[in-house]
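What follows is each chain in one-letter form.
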Amino acid sequence: MAVTYAKDREIAAYRWGFRIFLVSQSVPFILLFADWYMFDGYYVSRVVDKWLGSAEALLALVSGYMAWRALQAIRQGRLTDMVQGFRRAAVAGAAQLVVLAYQWGTRFIPPGTRYGEVYYTLTGVSGFYELIGVFVLLAISVRAARVQFTANFHWDAEAAEYFWIFQMVAGLLSYLFLYWI
Amino acid sequence: MEQQMTQAEARNNPQTKVMHIAPIFRGVIWATIGFVVLDLLTVAVDPFRGHPLVTEPSEVMGWAGALIGWLMGVGGYEEMILPLFGSPSTWVEPKDWRKYFGLSTNHKVIGIQYLFTASSIFFVAGMIAMAMRYELMQPSMHFFTYTGQYLTAVGIHGSLMMFGVGTVVLISGLGNYFVPLMIGAKETVFSRLSGLGHWLLPAGALTLIASPLLGYWDTGWRGYEPLASQDPGGIVFYYLGVFAMTLSTILASLNLAATIIFHRAKGMTWARLPLFVWGILTVSLLNLIWQPEIEMTFVMGLLDKLIPFHFFDAMGSPLTYLSMFWLFGHPEVYIIVLPAFALWNEIIPVMAQRNLFARDWAIIGLIFVMMLSGLVWAHHIFTNMRNSEMFPFSFFSEMISIPTGFSFMAAIGTLWRARLRLTTPTLLVLMSLFNFTIGGLTGVYLADPPINLQVHDTFFIIAHFHYTIIGGMVFTWMAAMYYWLPKMSGRMFNETWGKWLALWVFIGFNGTFGQMFLLGLDGMNRWVPVYPPYLKPLNYSVSLFAFFLGAGFIATAIHILWAWTKGPKSPENPWHARTLEWLTTSPPPDDNFDGEVEVVRGFYRYDHDEPSAYLVKSPDPME
Chain A
608 MAVTYAKDRE
618 IAAYRWGFRI
628 FLVSQSVPFI
638 LLFADWYMFD
648 GYYVSRVVDK
658 WLGSAEALLA
668 LVSGYMAWRA
678 LQAIRQGRLT
688 DMVQGFRRAA
698 VAGAAQLVVL
708 AYQWGTRFIP
718 PGTRYGEVYY
728 TLTGVSGFYE
738 LIGVFVLLAI
748 SVRAARVQFT
758 ANFHWDAEAA
768 EYFWIFQMVA
778 GLLSYLFLYW
788 I
Chain B
7 MEQQMTQAEA
17 RNNPQTKVMH
27 IAPIFRGVIW
37 ATIGFVVLDL
47 LTVAVDPFRG
57 HPLVTEPSEV
67 MGWAGALIGW
77 LMGVGGYEEM
87 ILPLFGSPST
97 WVEPKDWRKY
107 FGLSTNHKVI
117 GIQYLFTASS
127 IFFVAGMIAM
137 AMRYELMQPS
147 MHFFTYTGQY
157 LTAVGIHGSL
167 MMFGVGTVVL
177 ISGLGNYFVP
187 LMIGAKETVF
197 SRLSGLGHWL
207 LPAGALTLIA
217 SPLLGYWDTG
227 WRGYEPLASQ
237 DPGGIVFYYL
247 GVFAMTLSTI
257 LASLNLAATI
267 IFHRAKGMTW
277 ARLPLFVWGI
287 LTVSLLNLIW
297 QPEIEMTFVM
307 GLLDKLIPFH
317 FFDAMGSPLT
327 YLSMFWLFGH
337 PEVYIIVLPA
347 FALWNEIIPV
357 MAQRNLFARD
367 WAIIGLIFVM
377 MLSGLVWAHH
387 IFTNMRNSEM
397 FPFSFFSEMI
407 SIPTGFSFMA
417 AIGTLWRARL
427 RLTTPTLLVL
437 MSLFNFTIGG
447 LTGVYLADPP
457 INLQVHDTFF
467 IIAHFHYTII
477 GGMVFTWMAA
487 MYYWLPKMSG
497 RMFNETWGKW
507 LALWVFIGFN
517 GTFGQMFLLG
527 LDGMNRWVPV
537 YPPYLKPLNY
547 SVSLFAFFLG
557 AGFIATAIHI
567 LWAWTKGPKS
577 PENPWHARTL
587 EWLTTSPPPD
597 DNFDGEVEVV
607 RGFYRYDHDE
617 PSAYLVKSPD
627 PME
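Chains as they are written, first to last, in the numbering used here: chain A, 608 to 788; chain B, 7 to 629.
One chain only, chain A, in its complex shape (with noise of 0.2 Å):
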């Protein structure tokens, strides 16, 4: 009994630790938030494209949802599902990401009005938190083939689909912010 304590601690520790990061990191996001009030207060440009921001979303929930779903195949014990739901996830995340460099690279947004700053700024941020959530989904899928994660053993899991929920929803708002507020 006491190593089956010292173990949830440990697992309480780390779950409580990544917990309290993912916070803190929310702090960059709620400053650019605040900062685009503070300078001009929010608004829309007219020059946004609405379908592709709303694809982008799309493909951040679809992301998610598999990312969720394949913690729960790992919490049922199958873990073949869960290194195939990550690697989904990474691939809808990495395909969200080409939209985005699509909108960059296109310049419809100018960089160069208030607007443009927050909206590449913003959008900067949370797509350096996503190029790294999809490195962790596929750093914890090829961990899995190499290590044993059961419905017992898996808090590397857990932790990478906090982190890749974090950056969804972190995305959510600033797209909220960015075409609809």
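Hints listed in this document are in silico derivations from the structure and should not be mistaken for laboratory results. Bear in mind that the values here come from a model prediction, so they are computed numbers and not experimental data. We put the beta carbon where it would ideally sit given N, CA and C, even for glycine. There are no misleading hints in this set.
Reference listing, derived: stretches of chain A covered by chain B, where coverage requires no fewer than 3 residues with Cβ under 8 Å from a Cβ of chain B: (1) 623 to 636; (2) 641 to 654.
Below, in silico cross-link-like pairs of lysine-lysine (DSS-like), each with a Cα-Cα straight-line distance of 25 Å or less: (3) LYS114(B) to LYS192(B); (4) LYS114(B) to LYS575(B); (5) LYS572(B) to LYS505(B); (6) LYS272(B) to LYS192(B); (7) LYS614(A) to LYS114(B); (8) LYS614(A) to LYS272(B); (9) LYS192(B) to LYS101(B); (10) LYS623(B) to LYS101(B); (11) LYS101(B) to LYS114(B); (12) LYS623(B) to LYS614(A); (13) LYS623(B) to LYS272(B); (14) LYS192(B) to LYS614(A).
Here the structure of chain A is known, so what remains is to put chain B in place on it, guided by the hints.
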């Protein structure tokens, strides 16, 4: 089901790797490769920016490559990347002195690494201060050739002291070493992350020190806009260096906060938690909120510089930058001094062998300072505000003196009619109390708009904040080094030398910064290497005391180093302290305690002889 869930372990036995070169040398080589590769790639993609090999974007990308190469080279590759992909770690931590020159997972090694790095930074930044004081001995330029050189020196001095020393020594240094010991933990929660975090600190400091190579920047540690966006490339290394150092602080704080919450020994309830641990917990939470805030602000500043965007320049809102900076900047001051407040009340009851007066209020004070610290920032920018806007910030700036006073109340209440042992740590804590009283009271004056507007940007301000930071924190740092030296090294310092050196530093400090109050009131402006001749005599005198102070710090460092290596052997618990770090051997073994710790009562009562905790020794495997 017995075991609910745990971290998966690698299947294979690790194939250990013996490094043929010191990890830091490998780090330098990999960092160089990282810089060259990403710098050249960036220049190839974005070539027309004025120089064929080094441009502002290529500096940034090259720096990122160098940082990654450095972190991988010092051990991150084996300890972090290989396990991330499921391969066993091949990293071997040496048992001898070489353990200090690579990634370590032992919190005591990490603590000493932080202390050594931060002390080195203190020395470099201190020498820069000496150069500044030498320049100011004459009213005209006689040492620096250009004003930009002087201003860059001011900026590097301030940034290194704040981000590389002030935020580091008591939290990442002594916090890493002593918090796990004081709560009866055998290890920290995120030990690999913490070990990697240390190596961000020298990287950040070296970046800042290298910044003049890319052009003199003249904003000081505040990076004020719109000046920063007009500065040469050196400002880019200011942003990047500070970014690395603040990231180091975030990782240390995360690790310490999680360790305090989850790795406490049996019986170590919140009501029994030592004061210093409370101090570290409160500032760790502050760090986790405010360090990412300044990092994002600096990213925006960097974008203003590189692209250029116009967030903070004349087309944007320079005032927003000021607010964003001080929103972090004032909590930063409390991040620096809160652990010092806690240490006063850690050391005084031990030296007086007397119950800590109003322990609960001392803790409440720490928590309320933490909470109020985010509500005072605009008193730094009163000159840019309407009168009506000043009131709330003036109010909270004065209010924060009340919970600060709780720490004084606990200290003075404990000292009241006590038979105090006047040891070197005691003397330095008393000096710190004296100095911070001056720093704090002038802070209350400065919270009042009429005085604030009058002395804004004069040497009065410099005197005030040096009284809080050197007077409050650095004196307490020295006290804590003497107090814990027998624990860290198993050796004792020379009391006579310790006291004379403390007096030396105290006289040097008050002579330097006490006169700076007068200098400020006489009209001496900050940020200028040239000033009206009538201010020369006082400036000359300040500089002489400053050199005296600098020499005092060096002599103190030599004394501590001597005691650490050659001092006489110390008894196990020379101060008769009750906290848990004194329950183990000096220096402590790798896993801190040779057995399980059980706390049975609080640590700050000296009206009985019962122990506060028991160490149930592990059975000897040979028996």
